Every structure is written in structure tokens, then in C-alpha cells.
Amino acid sequence: MIVSVVGISFHSAPLELREQASLRSTEVPMRLQGIRAEFPGSELVLLSTCNRTELYSVGIDATAHKDRLIRHLLRDMNNPQAAELGRHFYVKQDIQAAEHLFAVASSLDAMVVGETEILGQVKQALLLAGDNQTAGKVVLTLFQNAFKTAKRVHSETDICRGRVSVASLAVEFAEKIFDNLIAKTVMIVGAGETAELALKNLIDRGTRDILVLNRTHAHGQHLAERCGGRAVQFDLLEDYLAKADIVISSTSAPHLVIRADAVRRAIQTRRGRPILLIDIAVPRDIDPEAGLLDNVYVYTIDDLQRLAADNLSKRQEAVDAAWRIVREGLSGVMPLFDGGGLRTVLRNVDEYGRRICETALQKAMAKEKLATLPEASREEIRELASKIVSKMLAGPRESLKRASRNGDWEHYAGVVNDLFGFDPKEQGKDRDDQDDRTIS
Amino acid sequence: MSVEPVLAIGGVICYVLASVVSVVSLVKVDSRRNQTGAACLALGSTLLFLVIVIRVVNAGCMPSFNLFDCLAWYVLALSAVYLLANTRRSMRGVAGILFPFMAFILLCGIMAQGVNPGMPPAPQGPWLVLHVIAGYTAYAVFSLASLNAAAYLIQDYNMKKRHFGPVWETLPSLEILDRVMSLLVGIAFLLLTISVILGCVLVYRTGGGERWIADPKVAAVAAVWILFAVLVHMRASADRHGRGVALLTVAGLVVVLFAFVGVHYIAPSLHAFIKVREGGGGL
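Those protein sequences? They're chains F and R, same order as listed. So that you can map any letter, position 245 of the first sequence is 244 in numbering that gives the first Met the number 0, and since no number is skipped, the others follow by simple counting. So that you can map any letter, position 219 of the second sequence is 218 in numbering that gives the first Met the number 0, and since no number is skipped, the others follow by simple counting.
So that you can see chain F by itself, here it is in the shape it has in the complex (with noise of 0.2 Å):
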């Protein structure tokens, strides 16, 4: 059977191009249906994030059928650059294919290697194929296989462990410092894009009280709407800074904003109850002397990229050690590509043994002394070369078996071709037979 994988991702085309194969949840039953009334018995997933959209498909030859395939996974069906476009969308076959899918679930092939969203929308994906009926056998096997290693590679390898955006990185400095987010107070100093990036992850996290502190009040009210907080005149910095477990400043003063006086009351207040400043304004908004004061922990834009780089190399060295998980997964689906394969050169080898110790038989036991033995004795004797061939064939049947599991198939397949004189064309031949009878 066909398995294969046509899509179009971050990696193969830009965002201008890839915003016109975006689908909406709410579009992909209809995409399904569509597809499936065009290739009847095929077993389809179709994946649409962001990044990219993918279609995952059983039974259906991707390469022969691509454009077909595209039009589909267009936002506009009838899009005139549908041709143009094409050029952008790979197709991939097999079991490279599978491993596409593995290394997408387990998030080795994100934008951002680690992140683990991927994996949630890979699944929500299944469901929808699942409730349009246009999940069979195969892809389930596939796909609940591509679940399990992804598992395995975000619990056994370190590719999730931190976080590689600099808003997201005040939440991780948060979260090192106050055990619970959901009752501080984040106070947010000016309305920087970053900043404003940085509050909607503390948000994320059960953040709730929030005060907006913005030179020009109108701005700050208007953030403070968007994100359910109070607007503060920004004359009142000083005396709301008691109040705040976490600061977030972005102005774009070219002065500092917070100075180490106001800080050292503000601590004096809270009793030692620790604060956290982040600064991520050019030129500097906060006192860098603050950061001397006990409890209190500063952090500047250099220190987040900083983190965010270290975070991503560690994500990066943990890469090698996924794919090994990733390809040792793909073992439990190879038989879903190999299996026909196998199964020819096994029986192909068997045939083989028989037919040699049939001939060998049949030449002694036409020579005089073996003739004249009772029938007893001769059916031992053909027993006995039959066993000898079976032991003998025995330890290349496992090999091959193994082979097909750990992905060396292709190899081995070869070997025994070459050893026997096996024809690989009648094994594909047999293989495509089976295709055929299961799709039927």
C-alpha cells in the first residue's frame, strides 16, 4: 500500500504563499470529504497549522496525483497560481513519509525545534479525520505509532526542556521565583510589542491582576482593556511598585525609569518579599543597581536572549538523540510498508531451500542404494534433509525480519536478491497485488 505525505511547510515556502494553503478548522471536513470522493477507499488526515498544512493519505499515489492532491489543500480551489504554487509542495512516499510525520509529531521538524504545540494540533487532526470517517487501519497504526515516539523523544530527551522566545522567558523567570502566578500583580511600564508579548504568556499562565503604567494614559488604558488589567497614572510608578511581584518595563524613555531608591522602598514595603524586574527597553528603563538589592532580581533584554539562545542550543544537541527515538519508532510501522516485500522473500527463500533439497533428494534416492531402502527409511531421510534446510534458512529468515524492523530492509533486500538470484521485480510486482487487494 501507498502512504504518503503532501504538504506545504515553513521550510519549503514563504509566509505570502503559505497563507493561500492555510486552511481553517471549520474547511478541513468538506477538504476531506472532497478528496475522498475523488479517490474512493483512500484513508486521509489533513494537518493545517501556521506553519503548515499537510495532507496525510493511505491508498492514494501522491506523486502521480499532486496537482489534484494541491488543489484541495488551496484555500481557493481555483486559485490561477495553483501551478506556480505547486513547485512549493513536497510529496514524500513510504516510509519517508512516516518518518515526515514522526519527526513533525515530535516536533523535530517545527520552527522552533522542541515546541510542543505541534503535537496537540497532529492529534486534533486524527479526531477530525476520525469524526469524517477518513481514518482507516493504517493511518490509526501510523499515527498512534508517531504519538508514542513523540512521547518518548519530549520524556527522554531534553529537545522541550526551555523556553527559546524572549516573552515567553519572563514566565520562566516567574516561575523561578513565585511558586504561584495566578495571584501576583505583573506590572506592565510602557507598551512595547515584547512587553505586551511577555504579559499575554504570564496571562497564559493565570495571571490576572494587572496594572498598566503608560506615559501617554490613553495607550495604557487602551492595553489595560485588552488585557483585562487597570490603567495607572504613570505618575504613580513609585508608589505601585510595592504592590508588583513582577515588573515588565519597554519605554522608550532615553532615561532610566525605575531607579534603585525607588526599588529599595519598594522591597522595604514587602518585607523581603522578592520582586522581579525585567527590562526590556533600549536604553535601559531600570536602574542596574537595583539588581544589588536583596530580593530583588533584575533581568535586562541581554539576559533573556541569552537564556533563549542557551535554551535553543540544548533543544539542538538533544536533536541527534531524537531522531535515533524516531527511527527506532518507525521500526513498529515498517511492516506496513516492508511487509509485502518480506513476505515475497521469504517465501521466495523457503522455495528456494525446497526446490534444493527436492533435486538433491530425488538424485540420491535414484541411485541404487538409496532405491532399495524400505519407504520408512527414505521418508526419514527426506525428513532429515528437510530439517537440516529449515535450520539452515533459519538465521537468514530472522535477519531479514529484523532487517524489516529497523529500517534496513532496503539493504538486505538487495543482498538476498543478489545471493539467490531473485528477481526484485516480481516481489513489487506481488507487493502492488496486495496494494490493490487491500484498498479494495
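Each hint should be verified, as a subset may be incorrect.
[Claimed, not checked] Selected chain R positions facing chain F (in silico; Cβ < 10 Å): (1) Q154; (2) D155; (3) K159; (4) E168; (5) L173; (6) E174; (7) D238; (8) V244.
In short, the hints are calculated from the structure, not lab data. Keep in mind it's a predicted model, so treat the numbers as computed, not measured. We put the beta carbon where it would ideally sit given N, CA and C, even for glycine.
Given chain F's structure and the hints, the job is docking chain R onto it.
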């Protein structure tokens, strides 16, 4: 050779192994190694507990006849409090400080007086047993608070110096460490108060109050009690948190260890359960 020393030495070896594993898992994040450390600790605790049980059966009273017995009680109480605290709050990383401390304490006990039981003391009543158990547990609980405070200071140092390595990653947040510290100091204060009250009851029942008041051990425990009271006040009434309180809590460990063991080296005490070995130089 009787079975107790073998079990005792086996227990100490397990504690040493647990400490090695916990330190490695602290400097090189690995949850599987963490579990191995916990398993070594569990095995070590079980072996030490068996030693205590055998000695209870043999002596018919609470075995605190030599330094090893006392330290075994203390370490067992410390292990139990740690395991209990760990079920409520993730104390991941603290093990890397606690386990080596416990192993060090046990090794000191072995080196000072060996593992063989000493002579049983005077007959013990239930008040005395409760007094001793409450005291040991108070020391253990406070020691854990101190080691928690040490973890707080390490994490504070990492955050200030921007050492975002595996130790920073493994240790809990400052707020968790601060809260656990605060809770443990409160419990230690309560237990020590109970132990002191039980001690007063014993003195009242046996008479000779003046002799006991002059005992250096009593003076040392009074100092510990005052220290605990100050810390509890700083936490509960003055609402103080952070590095300063953590520093004081770490310093408190020295006072506790002095009151528990050190005082016996300085002057003879009526608390004769830890005896200086005659002619041996040690305890």
C-alpha cells in the same frame, strides 16, 4: 558478628549512595536518577529502622545508648519529614543538599563511636521516650528547614549571578522554598516546645530541678528554643521573608547541631544518652 552492625553499615552505605545519586541528578538534570536516589534513601531508612527495632527488642527500651543510635534516630526523622514534605510540595533538588548532609552525619556517628550498641541507660518511662522523640523530631524538622534555606540561598545566588544551569533548573522556586521553610520552622518550634514541657514534667517528677537547670544541655536547648521563637516571630508576626531570614535559618542549623551533639563534647551533661567514650576521645 551480629546482624545489627551489618544492617547499620548497609544503611549508611545506602545513604552515601543516595547522596551521590542526588548530587549527580542535581548538577545534571535527570528524573530517573532522582528516583534511584529516592530508592537508595528508602532502602537505607529501612535498614536503619531495622537496626533500631532490633535494639528496642534487645534492650526493652528506646535505644539511644551511643552517638550512632542518636544520629540514626535523627536521620530517620529527617528522612521521614523530607518524604512527607515531598508529598505535599515538590522538593526536587533539595535532595541534592539533604542526602549528603544525612550521609555525612551518619559517617560522623560511625567514625566517632562505631555502630555497636552501648550500655543501656537507666530505665525509661513513657514521658522520657516522648520527650526524646519530640526533641529529635524537632531537630530533624528544623534541620530540613535549614537545608531548605540553603537551597533558597543557592537559588538566590543562581538568579543574581545569572547561572541558569541545571541546579537553577532543578531547584524549586524561591517562594516554594520560603513557604516550606516557614512551615517547618513553625512545626519545629511546636515540637521543641512539647519536648521542653515534657522535660519539665520529668524534672518535676524526679526532683532535683536545680541540677537540671545547671545542665549545659538545657542551656543549649534554651538557646535553640529562643532561636526558633525569633524565627517564628519573624515569619508570623513581622512577616519577614527572603534572603535575610534564609541566612538566619541556615545559621540556626549550627546552633541545633551544637545543642544536639556538640554540647556533650564541651561539658558533661545530665542528658547521659550521648556519652563521651571513656578513653576513646570521641563521644
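Evaluated hints:
{"no.": "1", "hint": "Q154", "verdict": "holds (7 Å)"}
{"no.": "2", "hint": "D155", "verdict": "holds (8 Å)"}
{"no.": "3", "hint": "K159", "verdict": "holds (7 Å)"}
{"no.": "4", "hint": "E168", "verdict": "holds (8 Å)"}
{"no.": "5", "hint": "L173", "verdict": "holds (5 Å)"}
{"no.": "6", "hint": "E174", "verdict": "holds (4 Å)"}
{"no.": "7", "hint": "D238", "verdict": "holds (5 Å)"}
{"no.": "8", "hint": "V244", "verdict": "holds (7 Å)"}
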